[in-house]
Amino acid sequence: MEATNTTEITLKGRSVGSGVAIGKAVLLNSESKTVTPTSIKKSAVKKHKERFLKAKESLIEELQLMADELNDAGSAEIIDTQKQIIQDGEIEKSVFEIIERKLLSVDFAIYQTYCLFIERLKESGSELFRQRIVDLEDIRDRFISLVCNQQNKKSIKKGSLIVAREISPTDLVSYYEDGAIGLVMEKGGVTSHAAIIAKSLGIPCIVSAEKATKEVLNDKTVVLDAAEGILILNPSRKTISNYRKKAAKAAKKKKKKPDSFETSDGVPVKITANIEFEAEVPKIKEHGAQGIGLLRTESLLFGHRLRKSMEEQEAFYSTILKGTNGAVTIRLFDIGGDKTSGRTVKEGNPFLGWRGIRLLLDEKELLQNQLKAILKTAAKYPGQIRILVPMVSVINEVAEIKKELEEAKHKLNSEGIEFEENVPLGLMVEVPSVALSAHQFAKEVDFLSVGTNDLTQYTLAVDRGNERICNLFQHYHPSVLKLIKMTVKGAEKAGIDVSVCGELAGDEIGAACLIGLGIKELSMVPKSISGIGELLQSKTKADFEKLAKSALELSSSEELESVYEEWKK
Amino acid sequence: MIKKKVTIINSAGLHARPSASLVKLASKFKSDFFIHSYGYRVNGKSILGVMTLAAECGAELELEVDGPDEQDAMDAIVDLVENKFGMEDE
Numbered sequence: 011m012e013a014t015n016t017t018e019i020t021l022k023g024r025s026v027g028s029g030v031a032i033g034k035a036v037l038l039n040s041e042s043k044t045v046t047p048t049s050i051k052k053s054a055v056k057k058h059k060e061r062f063l064k065a066k067e068s069l070i071e072e073l074q075l076m077a078d079e080l081n082d083a084g085s086a087e088i089i090d091t092q093k094q095i096i097q098d099g100e101i102e103k104s105v106f107e108i109i110e111r112k113l114l115s116v117d118f119a120i121y122q123t124y125c126l127f128i129e130r131l132k133e134s135g136s137e138l139f140r141q142r143i144v145d146l147e148d149i150r151d152r153f154i155s156l157v158c159n160q161q162n163k164k165s166i167k168k169g170s171l172i173v174a175r176e177i178s179p180t181d182l183v184s185y186y187e188d189g190a191i192g193l194v195m196e197k198g199g200v201t202s203h204a205a206i207i208a209k210s211l212g213i214p215c216i217v218s219a220e221k222a223t224k225e226v227l228n229d230k231t232v233v234l235d236a237a238e239g240i241l242i243l244n245p246s247r248k249t250i251s252n253y254r255k256k257a258a259k260a261a262k263k264k265k266k267k268p269d270s271f272e273t274s275d276g277v278p279v280k281i282t283a284n285i286e287f288e289a290e291v292p293k294i295k296e297h298g299a300q301g302i303g304l305l306r307t308e309s310l311l312f313g314h315r316l317r318k319s320m321e322e323q324e325a326f327y328s329t330i331l332k333g334t335n336g337a338v339t340i341r342l343f344d345i346g347g348d349k350t351s352g353r354t355v356k357e358g359n360p361f362l363g364w365r366g367i368r369l370l371l372d373e374k375e376l377l378q379n380q381l382k383a384i385l386k387t388a389a390k391y392p393g394q395i396r397i398l399v400p401m402v403s404v405i406n407e408v409a410e411i412k413k414e415l416e417e418a419k420h421k422l423n424s425e426g427i428e429f430e431e432n433v434p435l436g437l438m439v440e441v442p443s444v445a446l447s448a449h450q451f452a453k454e455v456d457f458l459s460v461g462t463n464d465l466t467q468y469t470l471a472v473d474r475g476n477e478r479i480c481n482l483f484q485h486y487h488p489s490v491l492k493l494i495k496m497t498v499k500g501a502e503k504a505g506i507d508v509s510v511c512g513e514l515a516g517d518e519i520g521a522a523c524l525i526g527l528g529i530k531e532l533s534m535v536p537k538s539i540s541g542i543g544e545l546l547q548s549k550t551k552a553d554f555e556k557l558a559k560s561a562l563e564l565s566s567s568e569e570l571e572s573v574y575e576e577w578k579k
Numbered sequence: 124m125i126k127k128k129v130t131i132i133n134s135a136g137l138h139a140r141p142s143a144s145l146v147k148l149a150s151k152f153k154s155d156f157f158i159h160s161y162g163y164r165v166n167g168k169s170i171l172g173v174m175t176l177a178a179e180c181g182a183e184l185e186l187e188v189d190g191p192d193e194q195d196a197m198d199a200i201v202d203l204v205e206n207k208f209g210m211e212d213e
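These protein sequence lines are chains X and A, in that order. Using our numbering, you'd call the opening residue of the first sequence number 11 and step up by one each time. Using our numbering, you'd call the opening residue of the second sequence number 124 and step up by one each time.
With the rest of the complex left out, here is chain A:
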């Protein structure tokens, strides 16, 4: 299992569509994926879980990936977050 802290940097935060991209990406990997934020721990493969974190721009999240392809998964997810979910700020 690996853990890593990231900061949400797109201005809209983890709202519906970024959450959708995140979940879609995470679901491609076999590893389990959880997100910790302010005492909550949600399933990162559930869009409602991710959305209800209500992570706005600047929010710090701790990613937890556990499974056979955990490193690849973590790299891809971190990449997505750092690239503002592939969309320009809305």
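Bound conformation, chain X alone:
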């Protein structure tokens, strides 16, 4: 209604969580890969040369770690070749020459140098050699982003809204620590790693916002409404003030933190948090979580930190423990599937492939290192740590992991290092085979934890990351609920606890059913805790049980949604 010089533009994306963010946009990695020449002062030459050397070192280090972990000769050889390309003396000579003589910035020097070689290969006209161009472009771009990151990393202001084609989880956390308040991604699904982390950090986020990096202008104020899945460019004053009010209201509501978690008739349910990064630790207390039900550890392996030493791992676990009251369930490295790292191999069916425990049992050094780090930390925090094993599918794996655990203790013992002897061991229930035979798996371990995302994926045979079919991914499919019920029964028989640490636990309808099915601990993103706490207090245990009972009889997710609306009244 208002007359303004610029018109509001609304970009649509897919919503991740909720919340409103108003701030200045910071554009990252825009589409164009062309690097333009930037002049530098003579006094900056040394710094730019150092940046090149540092980036080179990181690239080599990354490749070295990858080579160490890949056992097959073929890939080791390819990596070796890449290393040689990066270390090529001619490259360094040319880059330094451009920086020194032409006084141009390091990113451009790298760009121009590689382009020269790429051009020459293009000229050759040989198909075989043209394929190498892709490798060179890849190395060039990684090089450039490395030298640029070191330059850009600290430059965002508090209250910035990150707009990127794609962002890595580690970069996201680092921007969050620098004060980013929202994230807009062009790529990525709702369940992409960065989206999950944004949700867990409590940053409003939308993904699949096409053309965002083309439309958004750097440093212009934008409004992000994550619940609606929209980004508003050139917002009018009125729009901004409306959203300010909305944000203030939400913030007030968020402050309310439940003092206890029990049903209206006093049956307690433990509510814990899923976290992955140190930056999330303050959130745990803020939201009143009674411990950490799922500590993901894969971030220890991301990016340049492909492998952390035992001491570094220990330091990470200790920081988390220090900031937490109650138990912390540490999940062993869950690599493979969509979580890639240096040790990932190309597979026809990654989700049915070499992932979780399957990979760990083949990568003994990695596994032993982690087990030892956990056992050592547990000695400092007695009774507070539990170990969770991902992606178990057959009983034999349980025996093997127990053997490995004993081996780790044995090693620590012979090294004279203090460790905790009795750290509870639990299994993730993510595969129907484990749920169906839960009573047998339960006999072997101290607790079970249901990972509902993967369990749903494997039960319905739907890859949740596949945009074409993700509509088939039904969160409350009765078959999944039936498998969870079997898990609860199996655990009860063996006298052990079951928790749920998947997305379902932090979802209103999902949590209501889980409580009704007899789950005694729900672990979720910290942000969801207060909502689930309120839900818990709103009904009696019998009410929840009634809902769960009828949910098991339904035939689809949609049916449950309408039944839930009725039940809630």
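Keep in mind that the hints were calculated from the coordinates and are not lab data. Errors might be hidden in some of the hints.
Restricting the straight-line Cα-Cα distance to at most 25 angstroms, the calculated cross-link-like pairs of lysine-lysine (DSS-like) are [unchecked claim]:
| id | chain 1 | residue 1 | chain 2 | residue 2 |
| --- | --- | --- | --- | --- |
| 1 | X | 530 | X | 503 |
| 2 | A | 147 | X | 66 |
| 3 | X | 221 | X | 34 |
| 4 | X | 374 | X | 413 |
| 5 | A | 153 | A | 207 |
| 6 | A | 151 | X | 93 |
| 7 | X | 93 | A | 207 |
| 8 | A | 147 | X | 93 |
| 9 | A | 151 | X | 66 |
| 10 | X | 103 | A | 151 |
| 11 | A | 147 | X | 64 |
| 12 | A | 147 | X | 103 |
| 13 | X | 103 | A | 153 |
| 14 | A | 153 | X | 93 |
Just so you know, these numbers come straight off a predicted model, no measurement behind them.
Add chain A to chain X, keeping to what the hints say.
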């Protein structure tokens, strides 16, 4: 300084991995090493230099080695080329 002509006989030519082996071998010697091909002269100790020659199977190269261990270096390099870079044809 010594020079010698060789022909690339492995079917894939001097692509990435053969180039890598060549550069690795040449770098073990103190002598300078250059390759001439169709008017280009590149540093034989630079993988990108060697790769960008885009020498396919059948390409003729002139090797130029100059330094204290030039004969040993030349022998080793020629040997590598003639042995198809130690790998079967891919």
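Evaluated hints:
Between residue 530 (chain X) and residue 503 (chain X) the CA atoms are separated by roughly 15 angstroms; this keeps the pair inside 25 angstroms, and the hint holds. With a C-alpha separation of about 19 angstroms, the suggested pair residue 147 (chain A) and residue 66 (chain X) falls inside the 25 angstroms cut-off, and the hint holds. For the hint linking residue 221 (chain X) to residue 34 (chain X), the alpha-carbon distance of about 18 angstroms falls within 25 angstroms, and the restraint holds. Restraint check for residue 374 (chain X) and residue 413 (chain X): the C-alpha separation of about 12 angstroms stays at or below 25 angstroms, so the hint holds.
A C-alpha spacing of about 24 angstroms is found between residue 153 (chain A) and residue 207 (chain A), which places the hinted pair at or below 25 angstroms, so the restraint holds. Distance check on the hinted pair: residue 151 (chain A) and residue 93 (chain X) sit about 17 angstroms apart at the alpha-carbon level, within 25 angstroms; holds. Of the pairs offered as hints, the one joining residue 93 (chain X) and residue 207 (chain A) holds, with about 22 angstroms between alpha carbons and a cut-off of 25 angstroms not exceeded. For the proposed pair residue 147 (chain A) and residue 93 (chain X), the alpha carbon gap of about 11 angstroms is at most 25 angstroms, so the pair holds.
Our distance criterion of 25 angstroms between C-alpha atoms is met by residue 151 (chain A) and residue 66 (chain X), whose separation comes to about 22 angstroms. Restraint check for residue 103 (chain X) and residue 151 (chain A): the C-alpha separation of about 20 angstroms stays at or below 25 angstroms, so the hint holds. A threshold of 25 angstroms between alpha carbons decides the hint, and for residue 147 (chain A) with residue 64 (chain X) the separation of about 23 angstroms falls inside it, so the pair holds. A C-alpha spacing of about 19 angstroms is found between residue 147 (chain A) and residue 103 (chain X), which places the hinted pair at or below 25 angstroms, so the restraint holds.
For the proposed pair residue 103 (chain X) and residue 153 (chain A), the alpha carbon gap of about 19 angstroms is at most 25 angstroms, so the pair holds. As the CA atoms of residue 153 (chain A) and residue 93 (chain X) are separated by approximately 21 angstroms, the hinted pair is consistent with the 25 angstroms bound.
Hint violations for this structure: none, all hints satisfied.
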